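Protein chains in written order, with UniProt numbering: chain X, 1 to 296; chain E, 1 to 363; chain W, 1 to 249.
Please note: incorrect hints may appear among the correct ones.
[Unchecked claim] Derived DSSO-like pairs (lysine-lysine); straight-line CA-CA distance at most 30 angstroms:
| hint | chain 1 | residue 1 | chain 2 | residue 2 |
| --- | --- | --- | --- | --- |
| 1 | E | K132 | W | K66 |
| 2 | W | K163 | W | K62 |
| 3 | W | K56 | W | K66 |
| 4 | W | K66 | W | K192 |
| 5 | X | K243 | X | K165 |
| 6 | E | K132 | W | K192 |
| 7 | E | K132 | W | K56 |
| 8 | W | K192 | W | K62 |
| 9 | W | K56 | W | K163 |
| 10 | W | K56 | W | K192 |
| 11 | W | K163 | E | K132 |
| 12 | W | K163 | W | K192 |
| 13 | X | K243 | E | K132 |
| 14 | W | K56 | X | K243 |
| 15 | W | K163 | W | K66 |
| 16 | E | K172 | E | K185 |
[To be verified] Facing chain W, according to a computed beta carbon distance under 7 angstroms, are these residues of chain E, among others:
| hint | residue |
| --- | --- |
| 17 | R208 |
| 18 | S209 |
| 19 | R210 |
| 20 | A217 |
Note that these hints are calculated values from the structure, not bench results. As the structure is a computational prediction, the values presented were derived from the model and not from experiment. Glycine included, each C-beta is placed from N, C-alpha and C at the ideal position.
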Amino acid sequence: MHVDALIAPLLNGSAQGALLLLAALGLSLTFGQMGVINMAHGEFLMIGAFAAYLVQQVITASDLSIPVALPVAFVVAGLFGLLLEVTIIQWMYRRPLDTLLVTVGVGLILQQAALQIFPSQGVPVEKPGWLDGQLNILGYEWPLRQLFTILLATVCVAALSAWLKYTSFGRRIRATVHNRDLAETSGISTRTVDRLTFFTGSGLAGVAGVAASLIGGTNSQMGAQYIIPAFLVVAAGGIGQLKGTIIAAWAVGVALSYFAYWTTGSLAQVLAFILVIVFLQLRPQGLFTVRTRSLA
Amino acid sequence: MTKPWISLSGIGAFAVLLLGVAPFVLTDHWLNNLGKYCCWAIAAVGIGLAWGRGGMLVMGQGVFFALGAYSMAMHLTLETAGDRIPGFMVLYDPLAPLPAFWEPFRSAGFTLLAIVVLPVVLAGVLGYALFKRRVKGAYFAILTQALAVALAILISSTIRETGGDTGLSDFKYFFGYVLNDPANKLMVYLIAAGLLVVCLLAVWQLYRSRFGELLVATRDAEERVRFLGYDPANVKLVAFVVSALMASIGGAMFVPIVGIITPAEIGAAASIMMIAGVAFGGRASLFGPALGAMAVGWGQSSLGSTWPEGWTYILGLLFVVVILFLPNGLSSLPARIAAARRKPDPQPTPAAPAAAVLEEVRS
Amino acid sequence: MTGTSLVVTDLCVEFSGFVAVGGVSFDAHPGEVRFLIGPNGAGKTTCIDAITGLVKGTGSAKLGEKELLGRQVHRIVRLGVGRTFQTASVFDELTVLQNLDIAAGRHRSSTSLLRSRRGTDPSIELALEETGLTGELATPAGILSHGQKQWLEIAMLLVQDAKVLLLDEPVAGMSQDERTATGELLQRIAAKRIVVVVEHDMDFMRRYATRVTVLHQGRVLSQGTVAEVQADPRVQEVYLGTADAMTEG
Ligand SMILES: Nc1ncnc2c1ncn2[C@@H]1O[C@H](COP(=O)(O)OP(=O)(O)OP(=O)(O)O)[C@@H](O)[C@H]1O
Ligand SMILES: [Mg+2]
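Full structure from sequences and hints, please.
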């Protein structure tokens, strides 16, 4: 009993952390690798959730619809991201703070559009039957829903890092991040790289949206509540550091659920925010840093 | 710097319009609305100082707005309740005493002091910690926004202590004056409008002072300023604290004018709306932030209630269009048109100044 | 105070394992124009960065009795150490006068900061004259020519009343006439101050250097007068590609 009280939030928090990680993963790509602060990232997450809902309108069997919805949400949110990059962000690479504000505006527009297209109270996304129930690991009952989020986050992280490491496109992204001018002169089209990076980052938000739709409500406001925590996670992890993002997301998730266990849900959020801010105070560069020579 | 008298007479004309003309030509309803816009404008003037001149994108001014607003609201609530416990608290727990932190707000003097001191202390501590650690740019923006989100959540969830989402309202008295009385309403409006003029005068002097030049220099090339023997953290801190103070003053006057304060008025969305006005009017100009905030405030309270869908789209588009095409807001339009007339083929925007490049690579 | 010297002993700078500067010692005194030369990546800029507190260094850099290493950038500046950057960095949006005024401002009280400027400080007028920028008083620094920007930077150091001037490639990109003017300016300034110049231009070095320190791969390769350094076979080896530049005319 005594131990349970300490373990239960840990399990729950790991799942929360996984969801946060999914939301932050795309950001760590666009913010970390490209330096673009996309405040509409939360709305891309929302788009992913609505995509899951729409897929369910076509494929009514929820057992099947969610596996289909994941790639669909990735592509749909990714395309929205691509559109944003092509129409707006590509003109603003030298003005990061202004990019932040422009994407705030884009986020507002997307939210309002969702509010008008879909019922204002939100839409229900059916949970597949195979997510009900629990799995017994080490004597604790893990809700399958939580395990699924953790699994999904793990798969996404693995896929992303493999993609960055082993594919030629991934290598080009890293080369561009390292030294844009050099990459350009060695024949890499940095424009294509930028677009693909942005597509992938936004697509990951879509995947996060599907996961979020299975846990909370799907409505026009859902993205807004993820954006700030996701940014804090990326910042705390260290810019462009996948490893750091993972640890930070997990830590924040677990902290949130312990705080919620001891106090209330909303106070937990406040405490978690303060925790991250204090942490960034101690380590402004985040958990991990890369040192580069920037002044040639 | 070259023509101080033009700006000064601009402020004079503005003051005459707000204080001399508006009370006679506007209905009570619109005068009250104008008073509300003045409160947002006061906060906006501060944002112009911190963001426009200082380069610090303050996305959480709602926090300081809240400090002023809730200080004032607590005082007015207690004044209305008299010796009794405020009504909304009784609803949740009739027997519990008044929360301890409410007690000092019975005193008018303490309340006024709190409106000034609380934002100065919080911004001072926060700014000192962040600027000394060289937190800037997007990090600073996100952190300040996170604070606004956190505070709004905190207030929403502490229903008995702060009124929660329904906020604090139903104030009957304002430092002894009956708020319902039209004459007193006019007085409250005049105070708000007068404070706006004072704030404009304050930033006018700041902008033309050596400090103003130093602030711009710090914005454009922080590292370079360091190599002149200044600590840029201190320069930014002053601007940040002044802007927090102005937000608090705006918040404090908002309460008697609007008659209610809720977390929605101070959270992330509200903080972003304050930025919208400043961006629209022209972040670095003297009048831009105030006028922009009044325009956006007008849109928010008229369009926002009659045509809410449309208003959100307009607000979103305003961010996109203004920031993308007119980064210095409407106030830069005349100069741009003049420049376009002079040379028909507009030069591409110059590359970032060398000093700024240095800044970028060194940080 | 003409006796105060800059003495750098065993300066080391490491970037996560990579030794950019590995035990450099040199000294510079008022009255001489001290040159720091070396091929690209030799660690010249890094030396200056370490002395001015921009990067962490070990060893010692003393101005008179005062240790510079370990202090914050702005505190080192307040001790009288000023520098310029490889890329000219002035405040482009401000006028020449405003640039200089800010540079002169660190001695001012905070109340005077809140007032607007009336008139021009005598020290500013002097610096303007010295650098030949008097005519450009009201010009925005952003539209100055490259050479003028470098002079403005030097003028800023003068009004700042720096005892030590560390100049990173001040004549890069200048015309021949501008180089001559700059060289003469440096010699005038050096009469009362410590002047350390980082340069690639050998011709410029030969004309104006009093003493030279040659760096190579983070270490001092050779040290002495221009003639001594030029005669050093190790220096010639390092400068093989540019050997002509070393020996010619
Ligand atoms: N911040 C840094 N991080 C990593 N390496 C660095 C950093 N700063 C300098 N270096 C390395 O230290 C070495 C010395 O650089 P430095 O800029 O001092 O050379 P330099 O002599 O000024 O060259 P140049 O003549 O090209 O200006 C170089 O190899 C450089 O790559
Ligand atoms: Mg160099």
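Starting from the hint list further up, note which numbers the structure goes against and sort them upward.
Hint 6 contradicted; others consistent.
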